[in-house]
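Construct the entire structure; sequences and hints are all you get.
Protein chains in written order, with my numbering: chain A, 1 to 114; chain B, 1 to 111.
Fair warning: there could be bad hints in the mix.
What the hints assert, rightly or not - Subject to a maximum C-alpha distance of 20 Å in a straight line, what follows is the list of computed SDA-like cross-link-like pairs (lysine to any residue):
id	chain 1	residue 1	chain 2	residue 2
1	B	Lys-67	B	Lys-42
2	B	Lys-2	A	Asn-59
3	B	Lys-42	A	Phe-45
Unchecked claim - Here are some chain A residues the structure puts well away from chain B; computed CB gaps all over 12 Å:
id	residue
4	Thr-14
5	Gln-18
6	Thr-20
7	Asn-56
8	Ser-65
9	Pro-70
10	Asn-77
11	Gly-106
12	Thr-112
13	Val-113
Quick caveat, the hints were computed from the structure, so don't treat them as lab data. Where is the CB? At the ideal position from N, CA and C, for every residue including glycine.
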Amino acid sequence: EAGVTQSPTHLIKTRGQQATLRCSPISGHTSVYWYQQALGLGLQFLLWYDEGEERNRGNFPPRFSGRQFPNYSSELNVNALELEDSALYLCASSVPGLTHYEQYFGPGTRLTVT
Amino acid sequence: QKEVEQDPGPLSVPEGAIVSLNCTYSNSAFQYFMWYRQYSRKGPELLMYTYSSGNKEDGRFTAQVDKSSKYISLFIRDSQPSDSATYLCAMKDTNAGKSTFGDGTTLTVKP
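Okay, structure coming up:
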C-alpha cells in the first residue's frame, strides 16, 4: 500500500512569492491534515480537510490556505512568503472511524524562503 | 504557555539502557495520547497510542498516561542504536481532528 506522498520534496522561493505544496493521502483516507515544523520545533497544526471541506485551521494568518479535491488529494498555498515561513511542511491522512486518531505522515516538503 | 511541554533533551544513552521520555499538558480535555518517532529528513511515524489513563506495552516500548497529573511517558527498554531519532508526544481531545504536539526529544543510543 502506497503511503502519503508529497511534492515537491524541496521548494526554494523568494520573499513575497507564492508557494504551492501538494499531498496525496493513502487510498481510502478522506481526511488530510497540514502541519508546519520549523527547525527545532514540534509540529504546528495548520489545516484539516475532510470530505472536501475545511474543518479546522490553526493560528496562522489567512495567507496560508488550501483545498481538498474530489479525489481527497490536497493543496496548501502560502501567499506573500516571509522568511519565517521557511520550514518542513508535513501532510498527514487518516481514515474515518474508530482509528481516526491515527494519522499517517508523508515525508514533507522543505520550503526555503530567501 | 504551551498546551504540551516535552522534556527537551537531547538525550544520549548507551546501548541497552532504559530510556524515559516525558510530556506534560495543561488541557484536561485531551483523551488520546500518541508517541511518534521521526528519523532525520522523514515524516513522523506513529509508535504508540493510549486512550485515557493507563499503560500500554508493545515489545520494548511502554506508554504510560496519568491524567490526574497530566503527565505521559514513553519507556524504551533495551535501547538500540536504531532507536536514535526524535520522539514527539501528541494529544487530541477528540478522535478526529488536529493533534497537538510537543517539541520533541532527540535521542541518541550509542553502541
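Restraint check for Lys-42 of chain B with Phe-45 of chain A, where alpha carbons must lie at most 20 Å apart = 18 Å, holds
Run the C-beta distances from Thr-112 of chain A to all of chain B and say if the shortest one exceeds 12 Å.
-> Given a closest Cβ separation of 14 Å, the condition holds.
Would you mind confirming whether the straight-line C-alpha gap from Lys-2 of chain B to Asn-59 of chain A stays at or under 20 Å?
-> With a Cα-Cα distance of about 13 Å, the restraint between Lys-2 of chain B and Asn-59 of chain A holds, given a limit of 20 Å.
Gln-18 of chain A and chain B, when compared Cβ to Cβ, separated by more than 12 Å | 24 Å, holds
Is the Cβ of Ser-65 of chain A more than 12 Å away from each Cβ in chain B?
-> 17 Å, holds
Find the nearest Cβ of chain B to the Cβ of Thr-20 of chain A and say whether that gap is larger than 12 Å.
-> With a cut-off of 12 Å, Thr-20 of chain A remains clear of chain B, as the shortest Cβ separation is near 19 Å.
Far enough from chain B: is every CB of that chain over 12 Å from the CB of Val-113 of chain A?
-> 19 Å, holds
No chain B beta carbon within 12 Å of Gly-106 of chain A's | At about 5 Å from chain B, Gly-106 of chain A fails to clear the 12 Å cut-off, so the statement is violated.
Asn-56 of chain A clear of chain B by more than 12 Å, beta carbon to beta carbon?
-> With a cut-off of 12 Å, Asn-56 of chain A comes too close to chain B, as the shortest Cβ separation is near 6 Å.
Any Cβ of chain B at or closer than 12 Å to Thr-14 of chain A, or is the non-interface label fine?
-> For Thr-14 of chain A, whose nearest Cβ neighbour in chain B is about 24 Å away, the distance exceeds 12 Å, so it holds.
Sort out whether Lys-42 of chain B lies within 20 Å of Lys-67 of chain B, counting only the CA atoms.
-> 31 Å, violated
Taking 12 Å as the cut and beta carbons as the points, is Pro-70 of chain A off the interface with chain B?
-> It holds; Pro-70 of chain A is separated from chain B by about 20 Å at its closest Cβ, greater than 12 Å.
The structure is inconsistent with the numbered hints 1, 7 and 11, although it conforms to all the rest.
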